[in-house]
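Engineer: So the sequences go chain by chain: W and Z.
Residue numbers 1 to 93, in the numbering used here, belong to the letters of the first sequence in order.
Residue numbers 94 to 553, in the numbering used here, belong to the letters of the second sequence in order.
Because the hints were derived from the structure by calculation, they are not lab data.
Please read these numbers as outputs of a predicted model, since none were measured by experiment.
Note that CB positions come from ideal geometry on N, CA and C, so glycine has one too.
Please note that the accuracy of each hint is not assured.
Said to hold, decoys possible - Using 30 Å as the maximum straight-line C-alpha spacing, the simulated DSSO-like pairs for lysine-lysine come out as follows:
1) K253(Z) to K284(Z)
2) K253(Z) to K308(Z)
3) K26(W) to K123(Z)
4) K26(W) to K118(Z)
Said to hold, decoys possible - Example chain Z residues on the side facing chain W (calculated, C-beta under 8 Å, incomplete):
5) H327
6) P502
7) F504
8) W505
9) H506
10) F532
11) Y534
12) S538
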Amino acid sequence: MMDLTWYLLGALSCAIVYGLYELSQKQRLNWLDWTGLILGAVLILFAIAWSVGAVLEGVPRAGSMGMLLFGLPGIVLTTLSLRFILARKEKVS
Amino acid sequence: MIEEKENKNTSEKTNETSDVPDGSKRTFLKFGLAGAGAAAATATGVTILKRMEGIPHDDFPLHMDDTYKPIDQRNVILTFAHSKKLNEKHPERIEKFNNFHFYERYKQFLRQPYRTDPGYTQLDRALQVGGFSGVFEQVPDGIDGTDSGVFSWKQEMLAKEKYRFSSKEEAVLAIKSAARLFGAVRCGITKHDRRWDYDPMYDPVKGDKELSWEKDFPFVPKTVIVFMVEMDYHTVGTAPAWTADGTVGNGYSDAAKLSGQMAIFLRQLGFKAVASMNDLGVNAAYAVASGLGEGGRNGSVITPHYGPRVRISKVYTEFDFVEYDKARTFGVASFCKNCKRCADSCPSKAISFEDATMGPTYSDDPEYTWNAAQGILKFHNDAKKCYQFWCDNDSGCSNCIAACPYNKPDFWHHRLVDAQNVMAPGPMHSFMREMDILFGYGKVSDPEKVKNFWQTGNLI
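So that you can see chain Z by itself, here it is in the shape it has in the complex (with noise of 0.2 Å):
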């Protein structure tokens, strides 16, 4: 019986052993597939996040050829239009583009008058100058100003002795610390670089005269700060009426004030700065140059966060005592090359339906193309029929910063897309931008969002 007794324990005992080591694999297992999964989940947010950040490049991002040349600024749209004497030297360029007088047409700005459809009432009319006013009355020469108002070549304020930074990230960051604080949302530190200067520079407004960099620039350039500032979500919305040149022009009159402070700034620790906005260089290519964001198939510069919804103005400075930002990209070319919406809502068709090329693809006539880039890989759209279309609406358009699927307010839904449009390949792009056609974003042409804004005085 005893014997028995003692067998009976000795088997329970051996299955029970035998239990206890079959459960804990089971466990370790468990718990080791859990914490696999966890660490895969974590590896996984980090990649996505450093990939959100976009990945650094030495170099320009973009390729580029031989054949790229710094632009004249006599070829630019807005020089060009604003300037009686260039429209007199190239009639070739009117009659090559259907007769549009550039000069003529530009002198008819906002005098069209006052409509009863929504975003055209006299309502909408004194937001647009209300907007622009505050540029106007810094630069007295206009959005397009040279050596004018805080962006005056002159150096005043300048102090006679330098502050001498402890290190270049120091700089840097008391650089980005007062750029925030006047209102950049915002900023990066580049080098200098002739390739997207204009050269010669041209003033339509001061006697129609070429500037050189050797002979007129009051000192060498050897960095630009770039900076941006947030156009308001719903103003742009309302795309391409009136109301949506509101928050044009208030991000025009933003962008000069940041910049000519910044300049003052410079100035006071004791370096040579000029404030330039449409003036001196290149706004999209310094702000791809310093890591702000990438060339979109619209032509702005698609930076996160704000997408295309943000205004550029720079620094030129002699300071140099900084650590550079590098270029990076954040996944917009291959974005861009699928999701064409700016395209489609473009109403004057001026916006490729083409993948980035060297040179432009809609004409191939010298006399034509005059204002285009060559030799650079990017999205060419043709400036002249957006600039027509300014003209006829009487007013900007915005209709491509409206529609873009990057223009989103700051929710986290929207992060959430972007740290999914960072890692997707180009199908799931297409994908996305039918997603956000499905969900109402983007819509232009909407005399429902101008009735929208009208409200948003509720929101303070």
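Bound conformation, chain W alone (with noise of 0.2 Å):
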């Protein structure tokens, strides 16, 4: 089953690298935007293998904190960093 949550980050991963390059060349992008979005990614990457690891060796409440102390700040990084592109796009149009 970790394999499998392994094959499928590393798709996740292809697609999260491939959306950063499109959006790069479609918006110009500043360094806090490239943290932002890099960080939470990773951040929500990391929340999901942690916690199928956690529910697959039998302790879910380690995936549910795992969600929660990774998940949650990679969700809030992610949002945040797009909504600032979006404004700023917006306001150049």
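Join the two chains, each given in its own frame, into one complex according to the hints.
Structural biologist: Shown next, in the form of structure tokens:
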């Protein structure tokens, strides 16, 4: 099961890298945008891997805590970064 | 006009040429920074990996002074509890410990009636006894047996011709390969060291007799090979229920089988060897000396990846054409100093909350501390209290193993935490302890874990 998780996370990582590339082509990103997006994506991927591992080893509470402590900041960081990028785009247009 | 155009071209060219070096510099700086970052990350990674393998030591890594003496096996709690003669000889030991009669209580072990609460039913008792049955099949005198069954001192099946390894490295690899095949998850090889032997040895089962290394042991040992077998994570988690003893007994059975097979392996190579588990010498000291782990607060050896969730056995042999393993430290002492989860979870309060000391601090009365080692810097626990709880519980305990933050299954995120723990300073260890609790690890006396254990059949 963990092997399948690593495979899916690999596919997800590729999708994220491609998404970031596409975004950078359409919109000029500054270092703060890059940091926020990359850190957010890494935290989300980490949270998924942690939580699946924790559930598989029979400690679901560790999985929930992983989602809370790593996944939530990841989502917040990614959302904020995208919001800032979109707001800048609207301002320019 | 033409002049103007040429001037314009020249000025554009000048601008272009002045731009190019600036861009190159920036690109160079970016690549330089990225390269430096990658190099720093690689160096940090290599340092962490090296540190996780442990820092090698030429000598035994614990401080010792002149007051240290090899342990008299008559003063080992389990040996004392097995012996009616020793109990009669030392009534003061019983009196000093609230008139707790070690031998009488030992005789009543596994006699309590089945209960209905999870972990104490006939099902759990069956698991416990089934787990231990393997060791009793192989060692008729039981887990503390000396010169019995596969731990026999008779050199049967000794090949006449001695096998010659081409190098010490080859010998080490062959021994460890055989150990892996026979069930070891860790194997270390160290020089025989009289400091870690019981002296005198004592057999409480066959005639209550002292045994001498010079007169009774069949050869002069030169090397001690130490093995670790894993206990099951899910079963240990049920501690202190009878269920947990299922994996303790199974661990003993596996460890006895393994060391018995390794003794035969060495004898078939033409070298005298005797298998041992709780007899002959101190397992923990030999395990530390052979680089398998570090002594933890709970008195167990904490070994990377498994923590204290292992059983140890060993083989004494005359074979010495080997490259000995060095003792290694993994940052366990520092972690244990701050963590204390085992001490919190100990139902009999046998585990010390204090820092490592050269002798016991729970009492300064020699008639009470008769079983304690002196002159070695470690966490000194009161093993009598631990044994008393076993008798009350009618089973082993294992709370200190289950609660230990090093006791984790082999999942990637725990290796990540291990890496963090070896590098982090003391206050971080306290933080990690709190995180361990918050994430739900190491809970003991939890009936849910017993129920969960009885669902693990779904995993196969």
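Engineer: Taking the hints in turn, state whether each one holds.
Structural biologist: Hints, one by one, checked against the model:
With a CA separation close to 24 Å, the supplied pair K253(Z) and K284(Z) stays within the 30 Å bound. Of the supplied pair hints, the one linking K253(Z) and K308(Z) holds, its CA atoms being roughly 24 Å apart against a limit of 30 Å. Proposed proximity of K26(W) and K123(Z) is supported: the alpha carbons are some 22 Å apart, at most 30 Å. Pair hint K26(W) plus K118(Z) holds up; C-alpha atoms about 26 Å apart against a cutoff of 30 Å.
A cut of 8 Å between beta carbons decides the hint on H327(Z): the least distance to chain W is about 7 Å, and the hint holds. The beta carbon of P502(Z) is positioned within 8 Å of a beta carbon in chain W (closest approach about 5 Å), and the interface hint is therefore held. Because the smallest distance between the Cβ of F504(Z) and any Cβ of chain W comes to about 5 Å, under 8 Å, the interface hint for this residue holds. Evaluation of the W505(Z) hint against chain W yields a held restraint, the C-beta minimum of about 6 Å falling below 8 Å.
Checking H506(Z) against chain W by beta carbon gives a least distance of about 5 Å; that is within 8 Å, so the hint holds. Nearest Cβ of chain W to the Cβ of F532(Z): about 4 Å, under the 8 Å cut. The hint holds. Hint status for Y534(Z): holds, given a least beta-carbon distance of 6 Å to chain W, under 8 Å. Interface restraint check: S538(Z) against chain W, minimum CB-CB distance 17 Å, threshold 8 Å, status violated.
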